[in-house]
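Chains as they are written, first to last, in our numbering: chain A, 126 to 605; chain B, 15 to 287; chain C, 48 to 368.
Hints listed in this document are in silico derivations from the structure and should not be mistaken for laboratory results.
Cross-link-like lysine-lysine pairs, in silico, BS3-like; alpha carbons within 30 angstroms at most: (1) A:K531 to B:K65; (2) C:K260 to A:K469; (3) C:K248 to B:K281; (4) B:K49 to A:K365; (5) A:K469 to A:K493; (6) B:K218 to A:K538; (7) C:K258 to B:K281; (8) B:K218 to A:K367; (9) A:K538 to C:K260; (10) B:K218 to A:K493; (11) C:K324 to A:K460; (12) C:K352 to A:K154; (13) A:K382 to A:K365; (14) C:K260 to A:K531; (15) C:K248 to C:K258; (16) A:K367 to A:K432; (17) C:K258 to A:K469; (18) A:K469 to B:K49.
Owing to the predicted nature of the structure, the values given are computational and were not obtained by experimental measurement.
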Amino acid sequence: MSLNREQIVSILIKIVGADQVITEEEVLKESSVDRFRRFEELHGVYTQPLPAAVVYVRNTNDVSAVLKLANEQGINIVPRTGHTATEGGLETIVENSVVLDGSAMNEIIKIDPYNMQATCQCGTPLQTLEDRLREIGFTTGHSPQSKPLAQLGGLVATRSIGQFSTLYGGIEDMVVGLEAVFSNGEITRIKNVPRRAAGPDIRHVIIGNEGALCYITEVTVKIFKFMPENNVLLGYTLEKMKTGFEILREVMAEGYKPSVARLYDPEDGAYHFSHFANNKCVLIFMAEGPKAIAAATAAAIEVIVAKHPECVKVDTRYIETWFDHLNWDATDIAKERSEIVETKNIGNTTEISANWDKINQIYETCIKRIRNEIPDMTLVGGHSSHSYINGTNLYFVHYYNVVDCKPEEEITKYHWPLKKIIVEETIKAGGSMCHHHGVGKHRTPWIKDEYGSSYYILETLKKAFDPEGIMNQGTIYPRR
Amino acid sequence: MNVLVCFKVVPDLDQLSGSDWVVDGCSRVETRFVKRMINPYDESALELALKMADQARGSGVTLGLNSLTIADSGANLTLKSLRALGYQEAVRIEADRDLEFAPEDVAALIAAYVLSTDPLELIMMGRQSGVGDNAKTPLLIAELLRWPCITQVIAVEKDAAGTYLVTAMADEGVVTRIIEPPCVLAIGNAPSSTLRVPTLRAIKEQSAIAVKTYAAAELISTSPTLPVNPGAELLTLEVVNRNRGGLIIEGADATEKAQILYQSYLKGWLAEL
Amino acid sequence: MNYKVILNGCSPNFSNQCSTIGTFLTSTAALELEAQTIIFYNNPALASQFAAETPTDRVHLVKIEQYETQTVLAILTELEKPDPADLYLFPGDYAGSEIAVRLACRLTGSSLAAVNSLQTDQDQIICTKVVYNGYLQGRFSLNKKPYCLSLARGITGNRDNQGIEKREIIQSDRSAEEQPAYIIKQTVDPAELLSELEEAKFVVAGGRGIKNKENYLDLQQSARRLGAALGVSRPVAMNGWAPLDKLIGASGIIASPEICLALAVSGSPAFFSGIEKSRKIIAINTDPQAAIVKNADLTVIDDYKAVLDELTRLIEKDKNR
Chain A
126 MSLNREQIVS ILIKIVGADQ VITEEEVLKE SSVDRFRRFE ELHGVYTQPL
176 PAAVVYVRNT NDVSAVLKLA NEQGINIVPR TGHTATEGGL ETIVENSVVL
226 DGSAMNEIIK IDPYNMQATC QCGTPLQTLE DRLREIGFTT GHSPQSKPLA
276 QLGGLVATRS IGQFSTLYGG IEDMVVGLEA VFSNGEITRI KNVPRRAAGP
326 DIRHVIIGNE GALCYITEVT VKIFKFMPEN NVLLGYTLEK MKTGFEILRE
376 VMAEGYKPSV ARLYDPEDGA YHFSHFANNK CVLIFMAEGP KAIAAATAAA
426 IEVIVAKHPE CVKVDTRYIE TWFDHLNWDA TDIAKERSEI VETKNIGNTT
476 EISANWDKIN QIYETCIKRI RNEIPDMTLV GGHSSHSYIN GTNLYFVHYY
526 NVVDCKPEEE ITKYHWPLKK IIVEETIKAG GSMCHHHGVG KHRTPWIKDE
576 YGSSYYILET LKKAFDPEGI MNQGTIYPRR
Chain B
15 MNVLVCFKVV PDLDQLSGSD WVVDGCSRVE TRFVKRMINP YDESALELAL
65 KMADQARGSG VTLGLNSLTI ADSGANLTLK SLRALGYQEA VRIEADRDLE
115 FAPEDVAALI AAYVLSTDPL ELIMMGRQSG VGDNAKTPLL IAELLRWPCI
165 TQVIAVEKDA AGTYLVTAMA DEGVVTRIIE PPCVLAIGNA PSSTLRVPTL
215 RAIKEQSAIA VKTYAAAELI STSPTLPVNP GAELLTLEVV NRNRGGLIIE
265 GADATEKAQI LYQSYLKGWL AEL
Chain C
48 MNYKVILNGC SPNFSNQCST IGTFLTSTAA LELEAQTIIF YNNPALASQF
98 AAETPTDRVH LVKIEQYETQ TVLAILTELE KPDPADLYLF PGDYAGSEIA
148 VRLACRLTGS SLAAVNSLQT DQDQIICTKV VYNGYLQGRF SLNKKPYCLS
198 LARGITGNRD NQGIEKREII QSDRSAEEQP AYIIKQTVDP AELLSELEEA
248 KFVVAGGRGI KNKENYLDLQ QSARRLGAAL GVSRPVAMNG WAPLDKLIGA
298 SGIIASPEIC LALAVSGSPA FFSGIEKSRK IIAINTDPQA AIVKNADLTV
348 IDDYKAVLDE LTRLIEKDKN R
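Same shape as in the complex, but just chain A (with noise of 0.2 angstroms):
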């Protein structure tokens, strides 16, 4: 039998206290959303069901206690820390779901460089760990464009990435050991060692389960050496995306790792760098660490960029003014709300990643598609941000004008559609549909596309350690 609202409120009190719980209803609007919904929230439409409360938890026994009981009572858990979700993730869509934030678990337990690892709790943003690392002279080396706000345990459950990725990995490369908590309550602990053969991996069990499997409570992570002086910047200008591909894939293929590689197409480029980029390419490379490597990675770059005679190099001073403006911050948030309302312009995005010899492909067919098919489109670009040995990203840049519509149809009218174009093509050519932004509640339409016969292996997961269904329902897994 379910509980009603105010009952789920009192059990919930009970367990961690009323002032953790929380039910004001502007919180509660705010709660049942995340970007993927900004533009009917910007409007005060709130489509989703509210939750019945946020809770913020203060510890791991909160987690597990609060689990246990929605395993018991059938109660769908949102986990949520920074907020800053992007794919529908923390939309509430089943009724009566509790919202469990962890960000007032925001201690940063242990520094240890001589073990090159640092551990905080869940709720810890990002920006406050890397600023406290910088003072002694490190960096976690993980640096998505919310990390202002991002905190720890979303950034390790949406296996998100960094713009010095090609470098340091994302952050499955960085995770050492972690904390979890299943819906069963059960507590979990996986020790910080360098690597171990003792069966398979089980932190990849909890790195990228976007909140439907389990609640991270702490995170572990290794720690490199801050540089900044040995950074060499570089820039250039060309005609053709294709060229750019061919260049990420030399630098790669030839066993260089630049931190940063960049290359974005004349639409997303515009944006950008039109005070220096008219209608052209714009490769961007930062090469980082030890004195030595930093400068024979830039050295080796500009070798393989030199064998491509229409790339035009660009006055570094260009670049790092925009790199420094780069990441988000609470400013640019509030701008962009208030231009939405009045443009009604509104942009998103959808990141994808492929081998080598698809990319462009994928690039060329989503692009010339969008234009065809879509209406009201005001800017169609794309830009690869991630570099592998193997192949790079895609992160598909997309804005409208919402016309003769209301904010609530805004997703079906422009924005399904238009990831629909690129989740297929991608798909289709055998690629990922989701390379660093999680699937949220928005692609699960085609997970099983995008796993094949390997679908198995992700759903038996879920029924192993979710049977009742009640972690984050509809995310990664369709609604049941």
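Once you've looked at the hints, dock chains B and C against the given chain A.
For chains B and C alone, coordinates are given in the frame of chain A:
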């Protein structure tokens, strides 16, 4: 054309960090490396004109919009975007030197252009623009053309009767006037005036059509009787230092920080009031 | 150098104009107080009070029907063209800023707006004003007389001009002057007395980070409880969250309180110039990199609502003792 909106593309100065503020030998700061934007007050003027055209169309009146900037060819993209948004014309004057602190020269160029085209009803532009911050150009244009000028405009509409309803801030309050054109409008803090965004389709239609460009010297030669007013000459520039030290109050949470702030500082300061 | 002051007696801020000009005059070495002030006014009951407040020893009171730029310009040109002064000073309000520039054209002189300071150098004058959105200060020279200057907003002091003995008071009546033909109809919605924010000793300023109109309304309540006047940065007014007359900054009100509490505002020079005369500035912001952090006396890096709630509680508690 009924309405001419003049605008300036400026560097986004908030993107310069402390160490970038270095004044060179010519009394300028290097701003090449930051991205550019339409001067916010001019952006308001551009959007207000579009809103006015929408509103007029609703009453069956067609309003011809023209836009103008004095810039190098880097501004062509913005001019084509304005055409994509519904400006019937968008023209560029190519100046032969740096006009940052020369509003008299800017006004002369714009007045010469206006005198060389068909009669206009309104000239709209922002009250001032970043870098120069002269706050003189609209006033000088009004004097050169012998037109009236209303400043601190926050809204404008066209009537079916051919007159304009102009709302402006003044020292005495908010003034609403019904006026006969012609008139110069200097736009102030107009709410809800973010420039709308053109669709790709509309931009594509405009991209092949060249931007009409005028050389400054030629324009001036068409209006030899325009009075030449001397301006102010910039001698030096220095960085304004507003640094007070910024002591950061630490604490476990917001409540504790507020308590420290109050007990150690604010309480005493308030007592002295 | 001989000069004249032009003031708008139809404006509710006449006293501010006098105090601004008075302060400027006393801090400018080259200018003696022996000069004429021309005051355009329309309420005869105020004429003698205006004369008494005037910052110079000679006054010319010109009665008009209402303050209309074209009319005032025409009258001034007629009065001054035959024998112009070397220098005309205008306060930095809306009227002063526009008339100064246009008068210079009519008298074939030169002009500068938003001037901070003035020095004479033989026949030239050298003025300073902020440029580059307030990041830099420029020094300018003007060479063609008459020099028509409007002052920067916010030059205030405790200047009391009442002590100046008035050597000469002339009156003229130009109320029959024809109103300019381009205005068919005009209505004025009178402003709230702006001086509340300009004169307040304790100011709370809210920036874009307050996020929405509801929060602005909450802030209004908090400011009342704190006994502070409330202002906002330009984006807040431009988004329609707060009325335009609450705008603090280069394009709005320049406040000079003892204490300013700046909440959720990043502190660009355009805004900061509106609070930089505060004796003490406290900033509350979630962004430690915000420009205002270095420019404040004290900063709390945290969410403004939580900090403000606690501050309000503490302040009210002490008030009620």
